[in-house]
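Visitor: With the hints as a guide, dock the two chains, each given alone in a separate frame, to form the complex.
The primary structure of each chain is shown beneath.
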Amino acid sequence: MNPLHEQFVAEARELIDQATDDLIALERDGFSAERIDRIFRAFHTLKGSAGLVELPAMSLTLHAAEDLMAAVRAGRQQPGAGVISRALECLDQVSQWVDAFDADGVLPPSAGDEARAMTEKLRSHLPPDGEHAPLTSPGSELPEWASRLIETKREAILQRIGERPEANFAISYEPHAGCFFDGEDPLQLLRQIPHFVAVYVELRDDGGPLSELDPFECRLRLLAIAGGDRDELSAIFRLVPDQVRIIDIRALAVKAEEPDDAALIQGVVEEQRQMLRVAISGEDFVGRIGAAARVVANAVRHGRREDLADLITRAGAAAIAQRNATLLLTAIGETLDALTPGRRTDDGHGGPAAGGAPTQDPEARANRWLRVDQSRVDALVNLAGELVVLRNSFAHLARRIESEFGDQDLSRAVKGEQDAIDRLADDMHAAILQLRMVPIGQAFRPLPRLTRDLSRRLHKKVELVTRGETTPTDKAVVDRLLEPLIHLVRNALDHGVETPAERRAAGKAETAILTLEASRLGDRIVVEVRDDGRGIDPAAIGRKAGERGLLASDALAALSDDQMLELIFFTGLSTATQITDVSGRGVGMDVVRTSVDQIGGRVSLTTRAGVGTTVRLDVPVNIATSRIMVIECAGQTFGIPMDAVAETVRVTSDRIRQIKNNEGFVLRDRVVPICSLAELMNLPGQRAPASDARLVIVIHAGGNATAVEIDAIRDRLDVVLKPMQGLLSNAPGYAGTALLGDGAVLLVLDVKSILS
Amino acid sequence: MTVRRQDNGAITLDGVCGVEDAEPLLQMLLATPEAPLDWTRCEHLHTAVVQVVLAAGPELVGQCGDPWVGQWITPTQR
Chain P
1 MNPLHEQFVA EARELIDQAT DDLIALERDG FSAERIDRIF RAFHTLKGSA
51 GLVELPAMSL TLHAAEDLMA AVRAGRQQPG AGVISRALEC LDQVSQWVDA
101 FDADGVLPPS AGDEARAMTE KLRSHLPPDG EHAPLTSPGS ELPEWASRLI
151 ETKREAILQR IGERPEANFA ISYEPHAGCF FDGEDPLQLL RQIPHFVAVY
201 VELRDDGGPL SELDPFECRL RLLAIAGGDR DELSAIFRLV PDQVRIIDIR
251 ALAVKAEEPD DAALIQGVVE EQRQMLRVAI SGEDFVGRIG AAARVVANAV
301 RHGRREDLAD LITRAGAAAI AQRNATLLLT AIGETLDALT PGRRTDDGHG
351 GPAAGGAPTQ DPEARANRWL RVDQSRVDAL VNLAGELVVL RNSFAHLARR
401 IESEFGDQDL SRAVKGEQDA IDRLADDMHA AILQLRMVPI GQAFRPLPRL
451 TRDLSRRLHK KVELVTRGET TPTDKAVVDR LLEPLIHLVR NALDHGVETP
501 AERRAAGKAE TAILTLEASR LGDRIVVEVR DDGRGIDPAA IGRKAGERGL
551 LASDALAALS DDQMLELIFF TGLSTATQIT DVSGRGVGMD VVRTSVDQIG
601 GRVSLTTRAG VGTTVRLDVP VNIATSRIMV IECAGQTFGI PMDAVAETVR
651 VTSDRIRQIK NNEGFVLRDR VVPICSLAEL MNLPGQRAPA SDARLVIVIH
701 AGGNATAVEI DAIRDRLDVV LKPMQGLLSN APGYAGTALL GDGAVLLVLD
751 VKSILS
Chain G
1001 MTVRRQDNGA ITLDGVCGVE DAEPLLQMLL ATPEAPLDWT RCEHLHTAVV
1051 QVVLAAGPEL VGQCGDPWVG QWITPTQR
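For the protein sequence lines, the chains are P and G, in the order given. Letter by letter, the first sequence follows residues 1 to 756 of this note's numbering. Letter by letter, the second sequence follows residues 1001 to 1078 of this note's numbering.
Worth flagging that the hints you see were computed from the coordinates, not collected in a lab. Take the hints with a grain of salt, since some may be wrong.
Footprint (simulated), chain P over chain G, 3 or more residues, beta carbon under 8 Å [said to hold, decoys possible]: (1) 1025–1032; (2) 1039–1048; (3) 1053–1059; (4) 1067–1073.
Pulled from the structure, derived: some chain P residues nowhere near chain G, Cβ distances all over 10 Å [stated by the list, open to error]: (5) Phe180; (6) Glu184; (7) Arg191; (8) His195; (9) Arg304; (10) Leu380; (11) Glu547; (12) Arg548; (13) Ser553; (14) Gln658; (15) Met724.
For each residue, glycine too, the CB sits at the ideal point set by N, CA and C.
Just chain G, with the same shape it has in the complex (with noise of 0.2 Å):
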């Protein structure tokens, strides 16, 4: 699994996350709003999923792993 929730209840990428990984990433995200996202372990982003972090706007942890991502894109926090 590439999404994960941590113990401390923080959210996790890992590795490549495909375009299935968009839908259990909104569905933690709008279970647990306040919760941050850890991306620096992600090796590289589908679009659907920058979208749900671009729309949700979480507390980022890191740097984006996905180096193409973590220059170009800064989402903003809603």
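Extracted from the complex, chain P is given alone in its bound form (with noise of 0.2 Å):
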């Protein structure tokens, strides 16, 4: 993939989301002039990018949902739900096809049927253009007649395309039932149409006994294909606009999808623009220069324009001869405006044309931002953490320097030296991991579409309110939670959230409040999913789970509420009754703690029966380094993620009591059982003797907490983890490995996946 592609679709993805999240809002926040521009401009460059790269079935689709967003722009289109709709359809499909391009280069061969399909769908929304013509009903598909219409007189309508590539319109007439007392002769009227491709006249209430038939009663609904141009036609119905539906209908053919020369002029120009700006070196240059110059001239010419042909070509030969494409790029900004009254001198994509001049627009702006691919970042995140680490062996060196030598001066002047390089180390790993946060509301970016829908799928009434969207995140993190988030936002609206109906039986408003919160703790981001809805019921998920047979019934009998809603995130485990494709096939709630817990954070879950459920999220702001605690047992050094350790205990042997084969202790009213981590680890080596305090760290997993012996705790570090390679990445019961400041390696137990 060339790097023109590859910036394609990094910026087609960037669009898609904005105009996803403006329409959104615009659905939500109602309209805003602003909106609507941003909505519309987002669709333009999409359509103008997707030219560049040649993907002209994108192109007629956006195209289509550009031609509406301008209708919503100017007024003459209401920004329904319907248009909405339709807008992020055409969003999801163009996303589709973007993904397609990244991976193979092409868009798969449906995407011209796709394209065709979704453009009819988009124009039927348009209302005609021009103020006084007839209106088409707004917000409607394509209707039923014309599609009909189409269908039937198909051959016609595409043997006569070939003949008259110009505009095609579907007309409906329906005149009224008294016309003829009026001295009105319908089918008259489209006598008249010029460019006539296909008729069909029926009666409005086809069947009825012939002798009750009215002869002096209009039932009939005259339809028709015809070309020509609007105005011809709005002409001829211009008594009877209200009885005349006019639909454009040209997507329907291919050549005719650019009945706009003027659109088509400026787009040629426009794409040769910024096809100059990406190809500013390479051998080939001053040859694109020079085609650049010829299409860009031709273009114009052929929209009559001969003064604005003559201005590029001697631009062009200009350029060509300095090697410098500035001149024609000057000279088509001009001819851009030229062509477009009322026209900015540029529209901000800030290339050479800009001179240099500020501008306000914020795609200007937004250029002074780097696009930087995030592996990159991460390189980098990787290189400070190893400093990071590496600085924690000038103490090593220190020491030794003193034990060793005895040279206290040169002792004191490295440990001095190695201040110093903590410092900037600890500031250069700051500053590196700065590069990768990002506002967590990129991981809430998705949600208020999935909201939108899921709620009109599912009949409910929910408003969603994201609170501390901005709180700055690692991008790495961001995008681990993206998918707990969805999982929580479904559940929350499946589950959760109750019907209108039954809300208001409840007496509470018929509109759900879905709260999507995050907040910062420390190191630590809060994100909380709370649903004003109808609360878990734990006897519930206990039947569910002894149904399912996750757990023996005595044994369900002997947990608390707080610990038969653990059970909710036990995989298998789901309390919808029918099974939806919404949520409710078992997996979620598991696969939120999973993912939840591969980046160190937690997981829990508040419910109140009949006031709603909150679940929270407490994840590392970054997972770049961990603490760890470096742990002694059977000889052998460990590395333990502290956030897996509840807590350190000295546990005297008279606390400990013998419970069956097991030994346990008492912590705070609860039993807590001990085993040996050389035991569960199945180190060689004998046992310490037995002291009079047994160290234990208390782990709680799944819900329990359990003491791990050890020997003894060595340090406390903040480490780079890197994940197990190579033959051991499959080795269960590893976190992973991390490097000391003596060089050593030191193997980090994933203590949790021992337990279980």
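Guide: Below, the structure written as structure tokens:
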């Protein structure tokens, strides 16, 4: 994939995201000119980019969407739910194509048909242009009559389109019943249409005995497909605007997809401009200038602007002579200005044609950003992490100098340098981590759309409230929160939120509030997903777990409500009595827990019957360095992630009770079993002699506390945790490795998996 | 008279058939639904007449004399 394509894919995804956000906001917050403008521009830019990378199907579709947005912007079309749904569908389609293009470099073979179908859908929402034109009903699909007419007369249409590539319109004319008395002859109007393609005359209420036909009452519906221009058609039907609907069906005809010459010319010119801006170096650069100049000159000449064509040709020649595209770009900019009255000098792409002039356009500001592949930043983060670890070795070195060589001065000097390096390394590490910081709102991005679509499908009323979106969070964390959040929102909508009728009956507002709130607590981010729905019944969870055989019934009986709720995170449990396509396949909460666990986070859930449910995700702000505890066990050293450790306790032997085969002790009114880490890991070697006090670390796994006995705690360190690699990558029980200051490799245990 | 009954029972449309021809045409077609309709000699058909033809769907004789109707409108027989 060449750089142009890569840039296209990245930009397209951004624009799709942005337009989706704006569309949802438009629906939620109502009409705002600025927002419509942004949406329009997003579609416009997408269309242009699609043309640039030569994806005609995508261009065609986006062109229709752009027209629709233009109609909304001009106030000719209301941005109702139908229009917004359609625009979102269009973005979905485009997004799929972008994915396909990213993967395969081409659009799937079905793209043409998909484009035509989507274009028809979009165009069906388009009101006819021009103030005097009769109205199509806004917000409708392509009307049944039009599709039927097209279907019936497809042969004729296709045949004639070759002869008449200009715009094609479907016309539906339903004369008033009393029109004959007014001296009207409806067919006479049709006869005036100059470029006929097909006519279909039918009785409105087909059937009925002939004897009941009133010959003086017009019961006909006249359907036609015609070429010509809309003004002409509108003029013919000017006296019966309420009875006529004219729909643009030019999308049917591939050749007629760009009927608007002016737009076409501008599009071509704009494409060349972008092409020139991208191609700022390379051997074929001069050739590209020449080609661009020729294409632009031809395009404007087609629009009968010889003056502009001359301007371009001269500028092109000068640019080739100077081997510098600036002159041509300036001329193209002027051409675009001339083609579009009222257009700003530069639309803010900030290329050479902008001449360095400051502009207020947001796109220009956006250009100050540097787009960097995430993997490069990740590499930097790892390097900085290594540096942080390496500086630990200075302390080790300083100690050796003092203990082995007895040189206190040198030792002190090394320590002094170490402090400086410490500071720098810390700053650098922080700064580099900052590179990866993004607002956590990025993880919320798909949720408004999801909420909108799901609540409609489930016939529930839900308002999504998000707070704290701007909280900066490591991109790696944000990426991994995405899936859990989608699950949680789905669950809340499907299981938590009641139907409007149920809510009314419960004395609640019909519209449920689903709150997503992110906040920072020290070096952790807490994301809460809160609904005000029916809450979760712990007993129902318990029953389900029993039915599914997840737990024996006596074990269930012993559980507290909180522990029952904890079962929701078990694999294979779903409380929905019926499996829906929304959620309830028994996956979900366990996935949430797994994903959050993987980034060193915790999930907890609180619920109150009839009041709602809150799921709390507590995750680290960044996952680059982890704090570990270095422990010793059976003569070996291991690391244990600090976030797995609830507490460390020294248990005197008199507190230890023998419970069947196990030992345990009472910690804050709960019996906590003690396991030996050496036994759990089958480590050879003798146990440390039983002393008075035994050292355990308490681990919470799956809602149960377990004390793991170790021999000693050595240290607490910040390390870069690297996943196990190669043959060991699947070794169970290990979270990864960390490099220590003295160069030793420390194995970091995944204690939770060892315990389970 | 532009709408006429032939001796053989067939109905013919002649010349310019206006809105007033719709009623007699309908009556004739109601009286003899099987009668063929000869529209070769009509020159112009008013919408009301076309409506009766479409609704009754009689057996049509020859090409419609009104070229526009002949080209674009093809009634189906009932």
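Visitor: So, against the hints stated earlier in the document, which numbers end up violated here?
Guide: Violated hints (numbers, rising): 5, 6 and 7; every other hint is consistent with the structure.
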